[in-house]
Structure formats: structure tokens, C-alpha cells
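Chains A and B are the protein sequences, given in the same order.
Numbering (my numbering) for the first sequence: 4 to 319.
Numbering (my numbering) for the second sequence: 4 to 319.
Please note: incorrect hints may appear among the correct ones.
Claimed, not checked - Listed below are the simulated SDA-like cross-link pairs for lysine to any residue, each with C-alpha atoms no more than 25 Å apart in a straight line: (1) A:K196 <-> B:E100; (2) A:K123 <-> B:E100; (3) A:K123 <-> B:S189; (4) B:K123 <-> A:E279.
Stated by the list, open to error - Quick look at which bits of chain A chain B covers, simulated, 3 or more residues with Cβ under 8 Å: (5) 92 to 106; (6) 116 to 127; (7) 166 to 178.
The hints are simulated quantities; they were obtained by calculation from the structure and are not laboratory data.
Quick reminder that beta carbons are idealized off the backbone N, C-alpha and C, glycines included.
There are 2 protein chains.
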Amino acid sequence: MYLYSCIIGTFVFNEHLKLKEKILFNDKEIIQNYLLLEQNKELKTEKKLKERYRIEVIDITHKKFLNVLDFLKDYSENFYKANIIITKYKISTSVNEDNLIIQTIDNISEIDKVTNILVKRLREWYSLYFPELDRKIENNKDYAQLIIKKDKDSLTKDLKIKFSMGASLRKEDVSQIIELAKHANSLYLLREKNEKYLESIMQKYCKNLNFLAGTLVSAKLIAQAGSLKKLSLFPASTIQVLGAEKALFRHITTGARTPKYGIIMQHPFVQNARKEIKGKAARTLADKISIAAKLDYFKGDFKAPSIKKEMEQKFK
Amino acid sequence: MYLYSCIIGTFVFNEHLKLKEKILFNDKEIIQNYLLLEQNKELKTEKKLKERYRIEVIDITHKKFLNVLDFLKDYSENFYKANIIITKYKISTSVNEDNLIIQTIDNISEIDKVTNILVKRLREWYSLYFPELDRKIENNKDYAQLIIKKDKDSLTKDLKIKFSMGASLRKEDVSQIIELAKHANSLYLLREKNEKYLESIMQKYCKNLNFLAGTLVSAKLIAQAGSLKKLSLFPASTIQVLGAEKALFRHITTGARTPKYGIIMQHPFVQNARKEIKGKAARTLADKISIAAKLDYFKGDFKAPSIKKEMEQKFK
Numbered sequence: 004m005y006l007y008s009c010i011i012g013t014f015v016f017n018e019h020l021k022l023k024e025k026i027l028f029n030d031k032e033i034i035q036n037y038l039l040l041e042q043n044k045e046l047k048t049e050k051k052l053k054e055r056y057r058i059e060v061i062d063i064t065h066k067k068f069l070n071v072l073d074f075l076k077d078y079s080e081n082f083y084k085a086n087i088i089i090t091k092y093k094i095s096t097s098v099n100e101d102n103l104i105i106q107t108i109d110n111i112s113e114i115d116k117v118t119n120i121l122v123k124r125l126r127e128w129y130s131l132y133f134p135e136l137d138r139k140i141e142n143n144k145d146y147a148q149l150i151i152k153k154d155k156d157s158l159t160k161d162l163k164i165k166f167s168m169g170a171s172l173r174k175e176d177v178s179q180i181i182e183l184a185k186h187a188n189s190l191y192l193l194r195e196k197n198e199k200y201l202e203s204i205m206q207k208y209c210k211n212l213n214f215l216a217g218t219l220v221s222a223k224l225i226a227q228a229g230s231l232k233k234l235s236l237f238p239a240s241t242i243q244v245l246g247a248e249k250a251l252f253r254h255i256t257t258g259a260r261t262p263k264y265g266i267i268m269q270h271p272f273v274q275n276a277r278k279e280i281k282g283k284a285a286r287t288l289a290d291k292i293s294i295a296a297k298l299d300y301f302k303g304d305f306k307a308p309s310i311k312k313e314m315e316q317k318f319k
Numbered sequence: 004m005y006l007y008s009c010i011i012g013t014f015v016f017n018e019h020l021k022l023k024e025k026i027l028f029n030d031k032e033i034i035q036n037y038l039l040l041e042q043n044k045e046l047k048t049e050k051k052l053k054e055r056y057r058i059e060v061i062d063i064t065h066k067k068f069l070n071v072l073d074f075l076k077d078y079s080e081n082f083y084k085a086n087i088i089i090t091k092y093k094i095s096t097s098v099n100e101d102n103l104i105i106q107t108i109d110n111i112s113e114i115d116k117v118t119n120i121l122v123k124r125l126r127e128w129y130s131l132y133f134p135e136l137d138r139k140i141e142n143n144k145d146y147a148q149l150i151i152k153k154d155k156d157s158l159t160k161d162l163k164i165k166f167s168m169g170a171s172l173r174k175e176d177v178s179q180i181i182e183l184a185k186h187a188n189s190l191y192l193l194r195e196k197n198e199k200y201l202e203s204i205m206q207k208y209c210k211n212l213n214f215l216a217g218t219l220v221s222a223k224l225i226a227q228a229g230s231l232k233k234l235s236l237f238p239a240s241t242i243q244v245l246g247a248e249k250a251l252f253r254h255i256t257t258g259a260r261t262p263k264y265g266i267i268m269q270h271p272f273v274q275n276a277r278k279e280i281k282g283k284a285a286r287t288l289a290d291k292i293s294i295a296a297k298l299d300y301f302k303g304d305f306k307a308p309s310i311k312k313e314m315e316q317k318f319k
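Go ahead and model the full structure; you've got the sequences and the hints to work with.
Next comes the structure, spelled out in C-alpha cells:
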């Protein structure tokens, strides 16, 4: 007697390899049994059939059966169905922190784009009413928040403007503009929430990288690389120019200068470096980021603070 | 004795054109007096000085004085200040319905663009969790509203999906996505508010145009023309291709076909016309829009219903 299990069920054969009994899995059992099979663990159905037929040892591997038996062709439909269920399951479990990080950082970039569009319109629209404010408040977020908080009269006083060139609009005209400001502001708040959420993921998923490069830069690097794994396998020189692909290809095709830095340019360590040593700072940072990414991907210790300290001392 | 008023004040001269007395306006009086001067009405300061000096008639025009007197050069600073105040006043009163209409319709277009960006991201993000929904719900607004209202479980039931390929995310992961959906939805509602507001302006400002071409098409035409005045002065053939400038210039430079319609293509009258007569429908609609714009700009009667009826009967 032989016992054989695969993703569609458990089968019992006699010595001549003729089918004696079968238990087919229903949709819900498929994944559970698939996972047990993967781990070479005993299935419930196997236990049951073993007891019934007093089979003591299964001395034949699945693979041998696949070569020996052609009975499986009768179950092609079951296999088709089971395979789809398993594939769906595999897809669903393939979503990981990388995906969440990439979606969130992309959403943050998109919110930046969108708020810029909306506040550009807001400035133009509100300038019918109060043109003087546009130049006084350069920051978009501040602009949107200010006109929500204060009306024209108090703003005129605050900014010490004697006579505004703006039209005196009706209440309902102004309220349309304020509504737009509120929506822009609400998107700024969403961006903050997204950033906090992103940080919370990254502090668990890649705490060295997050500590060293900061949440936004780290997330952009992961998004550009495709995953933390890929980032951890990149050489430091690639990390240095990640996000500067355009300039890199220009260098390759036209012989223009090589780019000194990509995404990591946004890191204060590079940003605050003197112009002459910006390239050097970028190279050093990329080195350390490469180490941090490797530490995180291969589940190393939390060494980012000492790495950061070392890096900063080098540039004092 | 002569009395002379200008934007900076009122002056009394003797027979030899020597200054006897002056009353200079303060900042607040300037615009008020400027408006009275424009209408050739008597100023309070003139009345006062007339009584004091018993001047009966002012028989000399401002212009004559400007030629005769060079005393004004002593007041150049006053003139400079008064002119700035008047200019600001003029700018502030130059804002009219056209500006409000243009800002609002431009904002509506921008909201369309922005919601598309956000929902594109939303679809990608939520598809980590529930990829099956993306294809089932094509409309962006419906998609955003649906995932706010219903959770994955009830959507799975509604759509009769056995096993979703989506990952089972944590609550806090999903809530980030739902937040984005809420913001997109809120922008859709803002768009509706904007449209209602726009309609309320246009029903007063250009009710013939609004009735005939609809709020959105009318507003787009006014925005493209620059103002209702400009639109009313355009020939119907220009109105027909307004918004199709790219195709028009392509026609001029490369000899490609002339565009048949621009913005008015979005009007149901053109949209629902059979393909062979779409061009003809566009031409007719442009004719009628031209009439409606003229009626509105030159304060004619509300004739749009009969014009529309006539137009529709022609195409039956």
C-alpha cells in the first residue's frame, strides 16, 4: 500500500499502484495543506488514511509517483483550480514592507505635486481679492493656512498695508476660495500623517537605514531600487547616483560630467557640506547607506548611531 | 478769482493766477473726490471755498489751468501718492464676474487633474490589498467612494469574489489608504460646490449663454476668450474652434484638416449628433452661442429658450 498527497488531495494505492481511495481537498483546505506539504509535515487526511489502511511508512516520494502514475491526468481540472488558489495566495503573501514603503513615498511625492497645483490656483484666485499677500508669503503651506485663519481685514493690519488693490468680493465669492485653501491644507496634513506612518514602518523594517539617511531619503532610495533587498545589493557608487539616472545617461551618451549625487543630495549631510566637498560627502554617505542597507536586510544589529558619528567626525 | 480742483486738492487763485488758498485731500478723500471730478460734480471743498471767496462761477476748465500754471510741480509728491491710490482703486474695481468665472472654471479643471493623480495612486495602493476591485470599478469617483463606504469583506461578497489575491494588511496600513480615498472624495465634493457656485454667477451674468451652452461649456468659452465681452465680439466661426488652437495651428502650418470643433464639442448637442453631421451641429451651436453671448453682453432679453428650441427642431 502506498500513500500519496499533493495539492489536490491524498490518494491510497495498492501494491500494483492501483487507486484504492482518495480524499480531495475543498477550496479552503488547499492552502493549509499546501503549506504543510511544503514543510514535509503530515496532513490530517494522511493520518486518517494511514490509520484506516494500517500503512506504517510512506517509503515513496512524490516525485517517484509523478513519474510512475498517469492517473493524475484525470484530475487536471482539480490541479488547475488548486494552482490558481495557491498562486493567488502566493501573490497575496508577496506584498511586504517594500510595497507599503514604495506606495507611501510615491503618495507623498504625489501630494507634493498636487498641493503645488492647488495652491498655485489658490494664490491666483485669492489675489483677485488680496493681491498683496502673494508676495509676502512665499511658503505655500503658510499661505493656505494663513487665509484660513485670518480674514482680509486682519491680514491688512498685520502686514501694514494701507490700501489693498484687491477687489471687495462678496462673502460667497471669498468662501469658495477659502474652501480651496482648506482642501489644500488638509492635503498637507495628510502628507504629515503619511510621513509618520512611513517612519513607523521603516523604524521596524530598516532601522539602520532610517536612522542614517532619514525617513524620506531612505524611502526614496528603496522605491528607486525597487526593494530593500535590491538596495542592499547595490554597490555604494550606484546608491550615490540613484535618482540621477537622467544625468548618468547623459554622461554615458554625450560624455557630459558624471552626476555627483542623486536622491542623497536631499540629505542634510550633503546639503550642508561646502560646495568643494559636496561630492566627497555624497560618496561617504553613500558608503554608509550601503552598509546600513546591508545590516538591515541581513538582520544585523543597530549600528547606525556609531556609523553616523564616525561619518560626521570625518567631516569636521 | 478762480477755483481749481484736481485729484490732490482744491485751489483758489486770484486774477493774476497767484495761489490764495488750498485744501489738500487726505488719503481717504482722494478716491471719493476723484469719482466726483469724473462726473463733473461739485466737491465739498469747492463749495466751502466758493462761499468763503464768493466765487460765483467757475469759468475755467481744468485743462486750461494745466497749460497756464506751473505751480503744480511743487505738488509732484502729492500727485504721485494720489495717483497710486487711484490706480490701486481702479485695479480693485476692475475685478468682475469674468475674473471669478475664469478662476472657478480653471479650478474645476485643476481639481479634475488632481483627483486623477490621487485616484491613480489610490488604485495602485489599494490593489496591494484588493486588486480585484480595480478593474470592476472603472469610474474614479465611484472607486474612491466605494472603498470609504465598504470594507474588503463586504466588497468581496458584493463582487462575488471567492479568494482575493490581495494581501491581508494591518488595520493601520489600510487606514492610510482610506485616508487618501477620503481626501480624493472631498475634492470631488469641492468640485460640485464650485460648479454650483459657477452656475449661480452665470445665471445672473450671462443667462442666455448659460442656458444655451450649459455652465461648464460657457465658462470654458469665457475663460478661453478672456471675457464675456471678447466672446461676444468673436465671429461664430472663432467660437466654433475655440479651445482647438493646437489643431488650428496645425492646419495653418501643415495644411492638415481644419478642426471642426473645440470646447463646444463637450456640449451634448454636438456630442449626441451623428458622426456625419457633427460638424454641422457644431457650426449651428456656435452660431447660437455667438447670439447668446451678444445678448448677454449688451444686456438683451432672455431669449435662449426659443433659440434652443429652434436649434433643436432644425436637427430633428
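We went through each hint and held it up to the structure:
1. A:K196 <-> B:E100: violated (39 Å)
2. A:K123 <-> B:E100: Given pair A:K123, B:E100 holds - Cα atoms ~21 Å apart, limit 25 Å.
3. A:K123 <-> B:S189: holds (19 Å)
4. B:K123 <-> A:E279: violated (42 Å)
5. 92 to 106: Held - the segment 92 to 106 of chain A has 9 residues with a Cβ nearer than 8 Å to chain B, which meets the minimum of three.
6. 116 to 127: Since 6 is at least three, the answer is holds.
7. 166 to 178: holds (count 9)
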